[in-house]
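Model the full assembly from the supplied sequences, consistent with the hints where possible.
Below, each chain spelled out in residue letters.
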Amino acid sequence: MNDSNSPTNPVNSTDYLSLQGLSKSYGKVLALSDFNLTVAQGEFISLLGPSGCGKTTTLQLLAGFIQPTAGDMLLNGQSITHLPPNARGLGIVFQSYALFPHMTVRENVSFGLEMRQIAMQERNERVKRILSLVQLDAYADRYPRDLSGGQRQRVALARAIVIEPPVLLLDEPLSNLDAKLREAMQFELRRIQRKLGTTTLMVTHDQAEALSISDRVVVMDSGRIQQIDAPHALYESSDSKFVSTFVGKTNFLAATVQAGALQLSSNVQVQTHAPMGLEGNKVTLSIRPEKLKFANTSDTPKLQVQIKERFFLGNLWLYRVDSELGELEVSCINDGTAPKHESSVEHLTWDDAHFKVMSAPEALK
Amino acid sequence: MIQHTRTPYLLSAPALGLFGLMVLFPFLLTLFLSFQRFDHQVGIVPGYTLDVYKHIVNDPFYWEVFGRTAWVSLTTTVLCVLIGAPEAYVLSRMRAPWRSFFLVVILSPLLISVVVRAFGWSLVLGPAGLLNSFLQGIGLERVRILYTPTAVVIALVHVMLPFMVIPVWTSLQKLDPQIENAALSLGATKFQVWRRVVLPQITPGLLSGALIVFALSASAFAIPGLVGGRRVKMVATLIYDEYLHELNWPLGAAIALILLVVNLLVMYVTQTLVEGRYARRMGS
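Which chain is which? The protein sequence lines are D and S, in order.
Under the numbering used here, read the first sequence as residues 1 to 365, first letter to last.
Under the numbering used here, read the second sequence as residues 1 to 284, first letter to last.
In short, the hints are calculated from the structure, not lab data.
Using N, Cα and C, we set each Cβ at its ideal position, and we do this for glycine too.
Please note that a few of the clues may not be correct.
Said to hold, decoys possible - If the Cβ cut is set under 8 Å, some of the chain D residues that face chain S in the computed set are:
#: 1; residue: Ala63
#: 2; residue: Pro85
#: 3; residue: Asn86
#: 4; residue: Ala98
#: 5; residue: Gly112
#: 6; residue: Met115
What the hints assert, rightly or not - In silico negatives: residues of chain S with every beta carbon more than 10 Å from chain D:
#: 7; residue: Leu111
#: 8; residue: Pro149
#: 9; residue: Leu244
#: 10; residue: Leu259
#: 11; residue: Thr270
This is the structure:
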């Protein structure tokens, strides 16, 4: 049991952590409903969703701070559902960091090892090693109040990983940092996680964060899993309206299935994998803003649009355009050439394969 | 410019005036009084002397009264820590409607005159009081508690408890609610969480509560006077007797000043020894 806990041992690695039918309700309010997830050893999983979607509930259930109404949690084949939090041995990084303010950085990091009654010498060595991993060697004797937000965040991470937990839980670990630091810490977090090979679950509401550093992303809404996929697959092939809008931006278009093609309007149609047996039905199509292109002289123009507004995002231009299909968003790389003018008339082109049919056919408002 | 420099003085003038009139002036009067000569036949006579101080230091009776006051105050303080700290912790863990309800319950002793409360304890602890009726009812012997130091301690703890609960509760409010979960997740037992994480952080609150309780207990007058009676003499009741029964004002003044100095010393030493250490750790 102890051996298979260590990150280098690949025993039982595909269902290292398994959550089965996990549910939690508060009175009549269902915070989490039938949550099923299997995590392989060393995997980095993000739980992504808006606030109140049940992602934090899932983390607290795993940590043992709350008890599930139903379901089971297995770590390495052993049920941990009824273990108290201090017997689970999981590493947790809290959103507020929850550092011990009356202890130095060294004492904070050493606390978990002391609780495990690890001999002083080994304790000191491990603390030293972890502090150099998070690049805080020079701050070992400072108190948390003397550190910046990013440094506190790294102390919290060091304190959680020094105990070599089988699973690391991160509760919105970067949400209190400013944008620049957040991005740097994302990559830092991933680097450390890769190096240690610790199985990690991160809760976040920031889709960019989830996409950039996870192996798989679990998208949640109102207590239910909406989709579980690798970041790129999630972005490119999400088939629900919720996931398409929550992960990245998208344009929704109404279409009618006619003779195996999708008719967007009387003179615009898309040849794509039309759903079977829906002949004559209305469906919703989705296309990402960056998949729409302004037609060059060599392209076949497919739709005439008029530019309404444009926004400069540094690396991108975002255009809001009017067309016979309604308002659309188009984004183009800023390649250094002059942008399109507002209120000018342009033509759009696209690759039909980039249109996705949403799974709920009636749902277009 | 001139106006700018005057404004702070003008603004603080009423407070300073009040302080001077109500605290500083009587204090100086007491100080002078304690050095004046006293004759039992005539009263205060002209001239200054250290006689009363010599008298106090050489008479074991005064040592006994000061000693009793010290241990009654200390016992009260320790009991207030032992009862007040867990009480504050439970209070901070309560949910919204109950928390404010029990806070009012804890503060309610402050809303009733100390004299009324002292008489209340006399009724409870007296020879025919609630306690003795209860003991008799279950077939035990009666106890004599009223007019003993025990009664004074019981009544003082009741009166002083809010002064312990409030500072501890305030420092508990500053605790990150996740911090106990963090310690638990690192493998600490509930006791270790309390001992290693919660207690060190509420120590400044405990300390200021303890100092307030000790100082107020050491100078308490109504409770020892009414619950302790004539036999359990404490410093404040002794001062009262010297002033109003013996009419020996210089002696009363000297005892009052010694009480003040001892109280200040206790506070200063505790502050520098304990709080200094925590101030460094916890920051200001």
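Okay, which hints does this one fail, numbers in order? Those not satisfied: there are none.
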